[in-house]
Amino acid sequence: MSDLQAQDFIRISATTLTPPTARNHEQEVAKLIDVSRCIGCKACQSACMEWNNLRPEVGHFEGSYDNPMDLEPSVWTLMRFAEWENEKGDLEWLIRKDGCMHCEDPGCLKACPAPGAIVQYANGIVDFISENCIGCGYCEKGCPFNIPRVSKVDHKSYKCTLCSDRVTVGLEPACVKACPTGAIMFGSKADMTEWAGERVDELKSRGFENAGLYDPPGVGGTHVMYVLQHADKPAIYAGLPEDPHISEFVGFWKGLIKPVALAGMAFTAAAAFLHWITVGPNTVDAEDDHHAEELIRSAKEKSA
Amino acid sequence: MTNTWQDIKNANVVIVMGGNAAEAHPCGFKWVIEAKIENGAKLVVVDPRFTRTASVADLYAPIRPGTDIAFLSGLIRYLLEKDKIQHDYVRAFTNAGLIAKEEFGFQDGLFTGYNEETHSYDKSSWDYELDDQGFAKVDDTWQHPRCVINLLRKHVDRYTPEMVSRITGTPQDKFLQVCELLATTSEPDKALTSLFALGWTQHSIGAQNIRTMAMVQLLLGNIGVAGGGMNALRGHSNIQGLTDIGLLSNQMPGYMTLPSDKEATFNDYMKTRQFTPLRPGQISYWQNYRKFFVSFQKSIYGKAASAENNWAYDWLPKLDLPMYDIIRAFEMMNKGEINGYICQGFNPLQAFPDRGKIRRGLRKLKFLVTMDPLDTETSRFWEDFGPQNPSDAAAIQTEVFQLPTNCFAEENGSLVNSARWLQWHWKAAEPPGQARSDIWIMAGIFRRLKELYQKEGGAFSDALMNLSWNYADPASPDPEELAKEMNGRTLADITDPTTGAATLKAGQLLDSFAQLKDDGTTVSGCWIFTGCFTEKGNQMARRETTDPRDQGIAPGWAWAWPANRRILYNRASADLAGKAWNPKKPIIEWNGERWVGIDVPDMPPTAAPSAGVGPFIMNAEGLGRLFARATMAEGPFPEHYEPLESPAENVLHPKVRSNPAARVFADDRESFGAASDFPYVATTYRLTEHFHYWTKHALINAILQPEEFVEIGEELAKEKGIAQADWVKVSSKRGDVVCKAYVTKRIKPLMVDGKPTHVIGCPIHWGFTGQARKGYGANTLTPSVGDANTQTPEFKAFLVNVAKSNGPEV
Amino acid sequence: MTYPKGTIVRASALTRINHWLTAGCFVLLVLSGLAMFHPLLFWLSNLFGGGQWTRAVHPWIGCVLFVSYLGLIIQFWRDNLPGMGDVRWLAKINRVIVNDEEDVPEVSRFNAGQKLVFWGMAFLVPVLFFTGLTVWEVYFGAYTSIETQRVTLLIHSLCAIGAIILWMIHVYAAIWVSGSMRAMTQGYVTPGWAWRHHRLWLRRLVETNSRGPTPGANHDLGR
Amino acid sequence: MNVNRRGFIKLTAAGLAASGMGALGFGHVGEALASSVRAFKLAAAKETRNTCTYCSVACGILIYSMGDRAKNAHSNIIHIEGDPDHPVNRGTLCPKGSALLDIVHAPTRLTAPRYRAAGAGEFKEVSWDFALDRIARLMKDDRDKNFIAKNKEGVTVNRWTSVGMLAASASSSETAFLTWKVARSLGMVVFDNQARV
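In order, the protein sequences belong to chains A, B, C and D. Residues in the first sequence are numbered consecutively from 0, following numbering that gives the first Met the number 0. Residues in the second sequence are numbered consecutively from 0, following numbering that gives the first Met the number 0. Residues in the third sequence are numbered consecutively from 0, following numbering that gives the first Met the number 0. Residues in the fourth sequence are numbered consecutively from 0, following numbering that gives the first Met the number 0.
Just to be clear, a hint being listed does not mean it is correct.
[What the hints assert, rightly or not] Not close to chain D: a few residues of chain A, all C-beta gaps over 12 Å, as computed:
1. Q44
2. E49
3. N52
4. S204
5. P233
6. H290
[To be verified] Straight-line Cα separation of at most 35 Å, DSBU-like style, residue types lysine-lysine; simulated pairs:
7. B/K578 <-> B/K504
8. B/K744 <-> A/K203
9. B/K426 <-> D/K123
10. B/K773 <-> B/K83
11. D/K123 <-> B/K334
12. A/K87 <-> B/K732
13. B/K365 <-> D/K45
14. D/K144 <-> B/K449
15. B/K454 <-> D/K45
16. D/K139 <-> B/K290
17. A/K151 <-> B/K773
18. B/K363 <-> B/K732
19. D/K70 <-> D/K45
20. D/K139 <-> D/K151
21. B/K717 <-> B/K739
22. A/K257 <-> A/K155
23. B/K803 <-> A/K155
The set of hints was computed from the structure by calculation and includes no laboratory data. Built from N, CA and C at the ideal position, the CB exists for glycine as well.
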């Protein structure tokens, strides 16, 4: 799709300068996960681990098919299983591939204090540049989907890269290629949105009136989208946020108080300097010394 | 499979019953999803558990393990009662109108001819009434009371929806919804495909499970059509190939069978393999048996096989029993009748039922040879691994050889997939360390034995001495040489009878098994593979991807047996006049002179429809069999029999509870548990993240499913005070497994004969070697009894008890 | 301690060490904190050997600051208790600001401004410490929810800014009131300084014939 | 990782900038540091077409191994993914197929013939010759003792029931054919494969 190099950044973390904008006509990519076609086989997890050379620990059985139990620095995508009884009393097994949503307005990137640690390419992929990461975990606070994980070993944050290394040479991500039932599709965001529309109509024809596309506006839309049978209740899909957006706290902490704080500090320094050059130091004069000796001397006499 | 994997996308209804396609064959299951999307297909899943296949199904119905025949017989009754069958298809292509013998009958649980002592039938009464020319009598008006269709109607009459629900525990409304949906495919242009696997085969009544569905498909007219067929989703990558090449106790390559003691001479042997047609004008292709047999004997014994010595007939081992299956092998082992056992890429300690009995058998061996890329449990059965494999090594006198072999990526060769495609693969790397190919090892053993016999003589060794072995490198025969050997050659020039031109020079590779002769002038190691490696080169290596009308045939990709035919019985995809039932998806049609279409016709190319050549060319009557004559052990019609370990009585015929023709060894019968001690029905199954007992050696798969567990319904767990992910002990009369409990909504109690019956699910993938957590293995629990026809063990329905535990005693 | 003759002891050696330890930690925290606070200042992280070191060392220094500030609290809390005198002092802030000590009420050991700094920091430093703990990813990342950490991180930033501004005022005050720097570095002030800035404090010292830093401390006034 | 020349220079220059210049307040120099994407790991790998070893869907796969088959390069397998041309799987793989790399490189892959003597407590590595000679000897002795040339009725049966064999259902058809020839020429009838399970 595109050669993902420094010139292709459209957003860079902790950077006051505007990224290069000359190449402003870039096809945005998107990964569409059609939960109604997903059989929860974890081929995407397996392919992701194999392609990215990730091997987390062999865990234990914890009460469901969710293995490993949570995203980790070396678990970039994960099937989350939810046994749900619908209104008709029939059981539905909702299985959702969790992982980075590659938001249009990434909370991680906004929260990140390290310059160049998180970048967004022109095609929409949000990537962690590990060598610039300082391991502070702000990205975890910024992300509305609770995705980034900071490693306890190298103190760097990790998440799905949408296989930027494959996409940059024109291949599709590893999970997309592996998915046996074609539940994960990859292409331009326009194509994927249109294809999702067809899938939603087809699902509606099968009795899922509330089928819909999950492309949350709260984060400006995402480059990883879901087709859900029950788009009116995303939370039943193992906690998919109803209306994800960057937290107001993060917004405020990363927005207004930055300039205000700097201004406040600069003002104080300036005021002090101005006071110094106008009022000047408060020095002790001879009279004060005299009063002091006088006081001491009289006290000496009383006690002697 | 009768059809191809991609052909599944042409189905209008897909039933996954007796299998879990989404978990066991995910990339094949893609085509079910394609059917749903492009074809608006409906997916029906009938399974004791709500599986990941069910998670994308349009209709799910629970069923008690081991009662599939009751369900399907009820379905047949529904189809016949509602007259939802494809009349023209059934009339023309099945034996519905043929008339059975007078003596045939069925009385409270038993067909005619049952012998109590031998637990088997005298099947002479299970046949058609023949006329004076020896052809089967037929009444196409279906009036005759002994027409097959009428006998079938009477036979299934007892399976009313109430009775089905009473036996299977499936709620009646769900059962009738399934019947309704499947009945819609009786339309000529609608197709139902049946995807099944071990969920049907691993029962004491396994073969009949599949037969019942085949009868349903015949009644609905779905065999041989696009999107139809009986599709067995085979297990291993080359299980189809090894079945084709006859690596089974009584089998020879190409589904020929080894002689038995009763066939002393070659003529006796051939007498029972005449396959003379039972209706005029039928092909009955097995009539060419002698050509295949002679060509085969010439292939493996070369000049030493001649007309004079009946083509070295006596050099083939004869069987005194129907078969020496693996259950019998471990029975013999326990009785000390087997001294040596060679496990080539097979891990019986994990794969076979009643793990205790397997371990006791292996202890009695003098020597055990394992050939495997991985460190298998079987090769270390003698080592103590704590509670998962308690053992006193010193007391075990077995010599064990653990031979390292290469894996798929380290060899050239071909594999046959479930859809009968022979596909070549290329070597990508050298095997690790001193690992060698299985071919090299078998050649090594063979040449050493031959040398010993040459030096020392000994028991009869003519077969060994004269075995054809003309490979460039006798120590390591090349896979291409072996492939050519299976394909076969002509030893004399072949001329085309019509044109007289020489088609093949002596010594050249044959193009098709039609060229085989029974006079010793042709050789073929496996007649059904002839055509896979011809003078035009290795057809198995073809990678041509074009697919006419994108209908899922891909005729140019690799090569399918027989004769590159991709959909079997495809003649049945056209009506009497040779026009396609489903004009949108024709396969072959009669154009006036020949059969043409997108697949190799399963029919003599120039046999006009009017000639009445039946589409089932391998059967003597050329017709699909609703009435199975004498081919099945327990009856020409399927009948519901309870599993050997069952919580319920047989409400249809209490006196005959389980399969009367099942072979049960005495010690195995003692080890069957009673419902009073073991009240819950258990079933074993596979998870999609693991392949049997291999992938616990692969780190990623061990991560995806790290630890052994059993699935318990929420109601049962509440009853037993078992919380989520607690340790539990699951016990059968044969042994205990201690593992975690997965308390789930996906298994609900079934009302069977008025009693709530709980089902417990036991995945099989854990053992005591590899990366994953140590496990006991589900086969610690399972009974050692098999299907009456194939001896496939009954892994899918047995009895257990379950209780809280605090983990394996270390 | 060898203080020059005739001088008053404003801060004991222990107090000075404690003060400058706190000050040192605070400065380092300001530098490393600001590096992570604003991209423009990220270059400050190079003083600590890069972003990773800055993030790693900041919390540890925070711990030291918290402990050492407790020391200051222990030493000064009694003399910083607010009283009516402070209110009156504040009312005269306009005179104080222009160095006109004339009718400014007499101040004991600490004037209201200093008390504000003291109690300000006594509030801000613990809050910074505990909010900092919750966002100390390496050790405490898992103990609080992300929602909580968003709030505590905001509080941490706000308090830090407050502390920095308070600190700037404190530093300038020391420069502005000449002699104060020496008071905290050498530990002594001239009696005149005491008279001018902390007359009540001087009076009590004299009454108890103490040379400082607190009444009745050591009895060699005038040596 | 083939860092191209231009990239190499950029990295070192940046390093210098970060340490020296950065301290003097030219912080934004750091932004140029942001390196590009992880290099494509299959850039010059050798591609071999094969079939997955697990189930009967028989997905087509592409095996990527190091080196270009030059004599001194041991073609170690580094990645396996689906064959997009294969008409059945069209490039997809299940969780087992996607992890084929881990079975090829499983630490429990056997690498040397091992032998456990009767009653012994552990395996010991042996040579192939020792193993195969010993196996041939054991088989011949047992066959000579227990081979049944004729049954009770005097019919020539030529069967040997005291040694059994299980064949692998993941081995190639060619292996299977050769195994059939050897087993049956010895008269084996206790001979099955995974189709029985």
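Status of the hints after comparison with the structure:
1. Q44: The assertion about A/Q44 is violated, with a minimum of 7 Å to chain D.
2. E49: It is violated; A/E49 is separated from chain D by about 5 Å at its closest Cβ, not greater than 12 Å.
3. N52: violated (8 Å)
4. S204: The claim stands: A/S204 keeps its Cβ more than 12 Å from every Cβ of chain D (closest is about 25 Å).
5. P233: Holds, since 25 Å exceeds 12 Å.
6. H290: Given a closest Cβ separation of 49 Å, the condition holds.
7. B/K578 <-> B/K504: Judged against 35 Å, a Cα distance of about 39 Å means the pair is violated.
8. B/K744 <-> A/K203: holds (26 Å)
9. B/K426 <-> D/K123: holds (30 Å)
10. B/K773 <-> B/K83: violated (52 Å)
11. D/K123 <-> B/K334: holds (30 Å)
12. A/K87 <-> B/K732: violated (40 Å)
13. B/K365 <-> D/K45: Violated, at roughly 46 Å.
14. D/K144 <-> B/K449: The hint holds at about 17 Å.
15. B/K454 <-> D/K45: violated (48 Å)
16. D/K139 <-> B/K290: holds (34 Å)
17. A/K151 <-> B/K773: holds (28 Å)
18. B/K363 <-> B/K732: With Cα atoms ~23 Å apart, B/K363 and B/K732 stay inside 35 Å; holds.
19. D/K70 <-> D/K45: Holds, at roughly 14 Å.
20. D/K139 <-> D/K151: Roughly 23 Å separates the two Cα atoms, so the pair holds.
21. B/K717 <-> B/K739: holds (15 Å)
22. A/K257 <-> A/K155: holds (25 Å)
23. B/K803 <-> A/K155: Violated, at about 42 Å.
The structure shown violates the earlier hints numbered 1, 2, 3, 7, 10, 12, 13, 15, 23.
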